[in-house]
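2 protein chains.
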Amino acid sequence: MSELENKAIISKQASFATALLDDKTKNAALESVRLALISNKERIFEANSADLARSESEGLDGPLLKRLRFDENKLSDVTSGIQSLMSLEDPVGKIKLHTTLDDDLELFRVTCPIGVIGVIFESRPDALVQIATLCLKSGNAVFLKGGREASETNRVLYEIIRDASYSSGIPEGWINLLTSRDEVNAMLGLSDYIDLIIPRGSNAFVQHIMKNTTIPVMGHADGVCHTYVDEFADETKAIKIVVDAKTQYVSVCNATETVLVHESLKDTLLPKILNALEDKGVTVHMEDEVTDWHHEYLDYEVSVKIVRSVDEAIDHINRYGSGHTDAIITENFDRSEYYMSKVDSGSVLLNCSTRFADGFRYGFGAEVGISTSKLHARGPVGLEGLVSYKYKLYGNGHIVADYASGEKKFKHIRRDI
Amino acid sequence: MSELENKAIISKQASFATALLDDKTKNAALESVRLALISNKERIFEANSADLARSESEGLDGPLLKRLRFDENKLSDVTSGIQSLMSLEDPVGKIKLHTTLDDDLELFRVTCPIGVIGVIFESRPDALVQIATLCLKSGNAVFLKGGREASETNRVLYEIIRDASYSSGIPEGWINLLTSRDEVNAMLGLSDYIDLIIPRGSNAFVQHIMKNTTIPVMGHADGVCHTYVDEFADETKAIKIVVDAKTQYVSVCNATETVLVHESLKDTLLPKILNALEDKGVTVHMEDEVTDWHHEYLDYEVSVKIVRSVDEAIDHINRYGSGHTDAIITENFDRSEYYMSKVDSGSVLLNCSTRFADGFRYGFGAEVGISTSKLHARGPVGLEGLVSYKYKLYGNGHIVADYASGEKKFKHIRRDI
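Heads up: the protein sequence lines correspond to chains A and B, in order.
Numbered per this note's numbering, the first sequence spans residues 427 to 843.
Numbered per this note's numbering, the second sequence spans residues 427 to 843.
Keep in mind the hints are simulated off the structure, nothing from the lab.
Don't take each hint at face value.
Identical copies go unnamed one by one, so any copy, or any two together, can satisfy a pair.
Said to hold, decoys possible - Keeping only pairs whose Cα atoms sit at most 30 Å apart, straight-line, the calculated DSS-like set for lysine-lysine is: (1) 837 <-> 520; (2) 768 <-> 522; (3) 706 <-> 834; (4) 692 <-> 768; (5) 663 <-> 522; (6) 698 <-> 666; (7) 522 <-> 837; (8) 698 <-> 834; (9) 433 <-> 637; (10) 837 <-> 663; (11) 433 <-> 467; (12) 450 <-> 522; (13) 835 <-> 663; (14) 666 <-> 731; (15) 492 <-> 837; (16) 731 <-> 768; (17) 467 <-> 492; (18) 834 <-> 492.
In isolation and in its complexed conformation, chain A is listed as follows:
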């Protein structure tokens, strides 16, 4: 048996125990983790300096170095993130359905953790803290694999969280750190112990994961988001929103990649939008130059298409989009309701920027990722996406034969919860 498989077995056992932890214990552990991060900050910053120096010498570019940096500001972000997580309701043990099937035969649907979750994330080391603490609060065990650039910072953050949580009585083995691609590939085969894989990263990487495991995968491969400027759009809002959706942060999945504009605005609003984008340094690709509408720029580039109707916009999005996040700019409510119902995406937005589609902005505290799947969690995924449920049925000697014979009949009384 490999060392990894052994860890997975221990982690699975730990997950049966973390599933039973009450909210008070989990919050006390989160508070210990928070305090340990603060009291060990010099150790974190030192490890991060080593990562930054190595990455800089390896030629990592500015925006990526910025994401890699873990300083006082990032520390303050993650510790206040932990505090807000502590203030959220325990997602485990919530009764979601209660039906009296018959006298003394009571059915409950109760939330429970998923089990053991493998998360592979990009270069931001603050993601490690967010993901680990979301898993702790939701009673899951976790295998973490961060970006190679952040390896020193991740190791130190992992050790701090592990030690602080173990001291607070969280079962040993609930948290694990993977350090190589080989370990990630080996994890994909451990379907007996790992219940869910959440991959974050490039399209190619996520596709690789999806094709090489029978473990359920939650996440998204790409984010080809659209903003449709309808004929009833308000000019000021349209310009402001398109610029924000494209340029507020270009390298993220919820940035707009394609702007669809109603043809009635071709000579009026469209030139103003294009000017505003060009002022921000965006290269505009008009439809005759676009060869691949599936393309995700993640840069100061945008595709623009003129459409004859809201239906043409919807068809384009449902065909070329990735089901991630798509906005409409209009002052016509019927139009927006029609668009928001027919566009088949995790988030559909009226008169605001696609950049809002995010777990923190949606008020979930943090997110483990954004899902474009329609099963389980869709859109930004917070605590609720990290729990499953089970049915608990309490009887008193009940057998099915009595109901099959017609001697007894089900009452099926739905109870308020």
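Let chain A serve as the given structure and place chain B on it in line with the hints.
Relative to chain A, chain B alone:
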């Protein structure tokens, strides 16, 4: 493009339209389907007689012939099933979360259909009606593939449902019938159009489906269900429940395959349980003869194991069970709570038969199947398992730059729903 792919494209388009249907339209269509089934009953019975005659000449055995039969009783079951489905709340368009992110920036989580669902089911033709009407009520399009034995009955049922629903304004292409294994295999490759596959059938068949598609699969490969008789069990209840769980219907996934008995009952209750099982014609395999605890008999056979503690029972179930349905017989409430929390299965039961784990008995009207996955729906799956959700965010010119700069702050006010 293959004929099947063409059908899938049409079905996907139809699903965008069925997603918008209101409950009144869907219920009117269900009522048309119900009346059409009744008025065409002779046609159905005739087709079923042909299937029965052919299957009998091919040597199909008694219990399978019984499942294949579609007579007045089955017709009455499916038509009253449709009536109860009509009485259920529309699962689509339900608001599950409402948060005010900021002034004039309102977030809603709203349920929506999954899209196009492929269901492969066994020889019972009444399953076709149940699945088709569950999909109609939940606004999904569907590809149906039934057992070869029932091919004539399925074709007639499909035509009746198709024609009655089209006449009631349900978009053409929402329902499709597949007639060969080749078509099923081809469907597994249509991930651009099919959103979910629900396979029902043998372990080997379900495994085959899971390994040969990147489309999400919901269902269960096997049902190795356990009944644990605890040291604090009531004798009468224990005997009655074990007999029912094993023998009330042996060929189904929620029948008990392994009985675990606390060692303190070895010379008292255990012999009585074994006698009662043998009286019903059950062959008992005591632990020293059992070579594979994963084995699903689906017959008048049972494995029996003596355990020293509730923890040994739980460990056995979490290791060898299939996460389907597991019961405990005890009069000790702490003991049952502990068992029901730690056993990692879709349904955990106290003092009642594992045979209760079923969509109809749970009060869901009907089921499309039972899921042992922890993602999305778990346990018996009714209407709620056939919907996803999307986030709808209503703004008024909001951009993320204002929040990133600190000029504006999120309010995140959770609203009652």
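Violating hint indices (sorted, rising): none
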